[in-house]
Amino acid sequence: MVKRRVKFTFPTELITESVIYELGHRYKVVTNIRRADVREDIGWVVLELEGTESEIADGLGWVAETGVRVDPVSGDVIQG
Amino acid sequence: MSYVTCLRCRGCGREYPVEPLNACDFCFGPLEVEYDYDSITRAVSRERIAEGPPTMWRYQDFLPVDADMALDMGTGFTPLIRAENLGRKLGLENLYIKNDSVNPTFSFKDRVVSVASAKALEFEFDTLACASTGNLMGSVAAHGAKASMNTLVLYPANLEKGKILGAAIYGATLVAVDGTYDQVNRLCSELADNHRWAFVNVNMRPFYAEGSKTLGYEVAEQLGWLAPDHCVVPGASGALFTKIHKGLKDLVQTGLIDSADTKMHIAQAEGCSPIAQAFNDGSKEVRPVIPDTLAKSLAIGNPADGPYALRTIAESDGSAVIAMEDEIVEGIQLLAQTEGIFTETAGGVVISGLRRLVNQGVIKPDEVTVAYITGNGLKTQEVVESVVNPVHISPSYDAFEEAMAGR
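Chains as they are written, first to last, in the working numbering: chain H, 1 to 80; chain R, 1 to 407.
With the rest of the complex left out, here is chain R (with noise of 0.2 Å):
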C-alpha cells in the first residue's frame, strides 16, 4: 500500500482526492502529493530498504504506487562512482558521479516515468502519452511497451529522425506536429486536457515528479547513510532539482539519516537559463525565455517548477550556476576523459556548471560534493562530432610508426 493521503496545492494549499489532477481548481495552482510520514516512519527501515529489489523500487514506501502495481523495469539504485580522476583536475577531495545515464532508456527519465506509469495503470487508462524531444518519449514509449498499454507520443515536426528512433522501436504512436515550439507546447496541453490519456507531465505530474525522490535517497543511502554537503543537478523544469531536496527531507523525517544540511546547485545552460537568471537577479519571479540551447533535453523556456526551485536554492543556501554554449561540450569530454562516462549535453553543463562552482569557491575542496549524470551521451552525438580526428596511414607497419612518432 502507498502511503498517499492527498494532493494538495502549492498555490493555495487547497486538499484534493488521489486522482488524476494537475491543477488546482481554484487557482490553477500546481498538485503535490502527500502523505502520512508517521505511518511511513513506523514502516521503513534501513534494513527494510537494503532487503528491497536493486533498483528505486526499494523506496516504494515513499512512492505514491500501490505495492502490486510498481512497474519495475530496472531502473535506478544507478551507481554512485568516486570520481578520484575529474576531482584531481577540479580541486575535489570527495566528488561523486551519480551515473543515471545507465537506466533503461538511459536517462533519469526512467525513474519519474516508472511512477506515472505504474499510477497510470492504478488509475486504469489505456493510453500513456506524452509531448518531447528525446529522452521522455523513449522513456515513455518503453514503459508503455512493458505495460501492455497504448503510447502516444508527439513532437515538433522538425526533430531529428535519431531522436525519435528512440521512440518508434517500443511500437509508441508517432504525432509530429508542424508549428513552433510554442504552438506544439499549447495544442499538447490541450490535448492533455481534453483526452482520457495519461499524459505523464500533465494529469499524472505530481506523480510523475515524485520519481526524481529516488534519487535523492539512493545517493544518501550509497554514502552509508549521509547527505552530501553539496548536490550540482541539471536545470529544466525544475522538478528534478526540487525533488531531490525533499528525498534528502525525506530521510531525515522519518528517522532515516540525522540531518542533511545539503546545498543544492542548479545549472543551467546560457541559452536557457531562466530559473539561473531569476537568481542572479534576486528575483522570486521567473522570466519565462525562448531556448536557444546546445541541451536540449535542458530546454524548458517556461519551467513550471521554477519558483520552486528558486525556492529549493533558498532554503538550502544554495545557488545557481550558468554554463556557456561553448563549455556544454567541454563538461562533456572532461568527463568522459577522466572518469570513462559518456553523457549528453544536460550532463555537459553540470560538469561545466561544477567547475565553475569550484573556481568561486563555493564548493571547498574537502566537501562532499555529488554532480547528478543524468543521461547518455549516445543520445547527443551530433554535438561531439568534432572529438573524431583519427590519425590516417596507409597499410604499412612503417607508416603507423612514422605517424605515431612524437605522440
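Bound-form chain H, shown alone (with noise of 0.2 Å):
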C-alpha cells in the first residue's frame, strides 16, 4: 500500500459531483481530505490518497477523465 498527496482542482459544472465519494467506491481507494476550499464556481481539495499503486494510478486516471484537474499538491514539481 502506497499514499499519495494531490490536490483536485474542480471546475464549476464538476462542483455539484460526488467525485471523491466515487474514486474511493470504484478504486477502493481510502480518501482522507486535508484542506478544502469549495465555492459556487470554483473547488479544490486536497486530499491523501491510500491504495495500492495501481489502485490510485487507476482512480486518479478516472478523476482526471471526469474533468476534475488533478495535481500534486506542491503544486508544478518541474520549473522553468
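Wrong hints could be hidden among the right ones.
Below, a list of computed lysine to any residue pairs in the SDA-like style, where the Cα atoms sit at most 20 Å apart [to be verified]:
1. H:LYS3 / R:GLN183
2. R:LYS284 / H:PRO11
3. H:LYS7 / H:GLY61
4. R:LYS284 / H:ASP37
5. R:LYS284 / H:GLU40
6. H:LYS7 / R:LYS249
7. R:LYS246 / R:ARG8
8. H:LYS3 / R:ARG8
9. H:LYS3 / R:PRO288
10. R:LYS284 / H:GLU55
11. H:LYS3 / H:ASP41
12. H:LYS7 / R:PRO288
13. H:LYS3 / R:THR338
14. R:LYS249 / R:ASP25
15. R:LYS284 / H:LYS3
16. R:LYS284 / H:GLY61
17. R:LYS284 / H:GLY43
18. H:LYS7 / R:LYS364
19. H:LYS7 / R:SER283
20. R:LYS249 / R:TRP225
21. H:LYS7 / R:ARG10
22. H:LYS7 / R:ARG196
23. H:LYS3 / R:HIS195
24. H:LYS3 / R:ARG196
25. H:LYS7 / R:LYS246
26. R:LYS89 / R:GLN360
27. R:LYS364 / R:LYS246
28. H:LYS3 / R:GLY29
29. H:LYS7 / R:LEU21
30. H:LYS7 / R:GLU190
31. H:LYS7 / R:GLN360
32. R:LYS284 / H:ALA36
33. H:LYS7 / R:ARG287
Rather than coming from a laboratory, the hints here were simulated on the basis of the structure.
Note that the structure is a prediction, hence the values are computed from the model and not measured.
Could you fit the two chains together into a complex? Lean on the hints.
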C-alpha cells in the first residue's frame, strides 16, 4: 500500500458531483481530505489517497477523465 | 551560524523542526523558514554587509545556511543599471534594470539553487535533483558539480536538445521522461517523495525559495539603502515575487532601511497567467491552467505560491499585468536595442508588462522603478531568429555602397 498527496481542482460544472466518493467506491482507494475550499464557481480539495499503486493510478486517471484537474499538492514540480 | 528557528506551515501555522520537509503533515500546506529577527537585527549592519563578499552571500545573516556551508559560485550582487535609454522610450525618469542574467549559469535560479545545495550538504544528502525544462536544470547541474554531489535532472522527453546541453555539460545524470507535462510532473512529485535526494524545489523548497530574497536586499543596497517605489517581477510559481517583497520587508524589520512602500507588480505571459487572471477577476483562488506560451521559463500552470503572490499584490498595493504573446519578442528587442541587454522570454514579458503599467498610469514618470531581468537571451535564441536579416552583397566596394545607400 502506498500514499499519495494530491490536489483536485473542480470546474464549476463538477462542483456538485460526488467525485471523491466515486473514487473510493470504484477503485477501493481510501480518501482522506485535509484542506478544501469549495465555492459556487470553483472548488479545490487537498487530500491523501491510500491504496495500491495501480488502484491509485487507475483512480487518478478516472478522476482526470471526469474533468477534475489533478495536481501534486506542492504545485508544479517541473520548473523553467 | 544561521538564525533559523523553525519551519512553519503557511496554511495552519504548525511548527516543524529544521529538516528537509516541504509540506505540513496535518494540512499539507507549504512550509516556510522562520528566523530569530531580534538576533539578526543585533548582528547585521550596513557595514557588515559591505564587508562581505561581492555575491548574494553578503546577506548570509538572512539566509537559512550556516556560514561554513555556503556554496559561493559568485552568484548575485548582479548589476543594477540605470536604464536611461529605455526609460526615455517608456516615459520613466528613474528606471533601473536588475540584470540577473549574468549569474554563473545565466539566470536567477543560481540564487535559489545556491541556498538549496548548501542546505543539502548541511543535511548530508549526496544527490541533488530537480525536474526542469531549462534554467533550473543548468543551475542544479552546475551546483552539483561544484559541491561534488551526484546530480539528477528529470525533464519531459520532448524537450529541445539545446536546453538539455546546459545541464549535460556539468556531468548530470539526465532522465528523459515520456509523457505529457502533467504526467511528468506527477511522476517527479512521487519520486521526490520516495527517494532520499535533495530535490531542490520539493523537499528543499522552504530553503530554496529563500535565495530569492537576496534580489530584494541587493536592489535596496544598490539604490543607496532605499526601497524602490515599484518592482516589476516575472511570475511563474510566484515564489520569486513574494520573496523579493519579503526581502525588502526584512530590511525594514532589521532597521537597515526606514521603510519599504514598494508596490509589487507581477508580469505573466498571456499563454500562462493564472496569477494575473485571478488578480484581474478579484479572486483569491488561482485556477490552474495548461500553459501555452513562448515564455517557457514562466510556464507553470499550477503555481505553488499563487495565493501568496496575490496576497503580496494586495499588501503592497501592487498589481498584475499580462503581456500578450506577440509582445514578448518586442520586449526582448526593446531592452536589447535600448540598454544592450539580451534577455530571454521572461525578460520580454517583464519589459512589455512594464510598458503596459506605464501606459495605464500605474507607474508615474518620476517614480523609482526596478524591472527584474532574470535570464539570459542566449538561452532562448530560437524565439528571436527573425531579427537576423543581413544585407547580402557581392564582394565589391561598389556593391557595399549601393546596398547601404539610404540606410
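Problem set entry | Non-conforming hints, listed in increasing numerical order | 6, 8, 9, 10, 11, 13, 14, 15, 16, 18, 22, 25, 27 and 31
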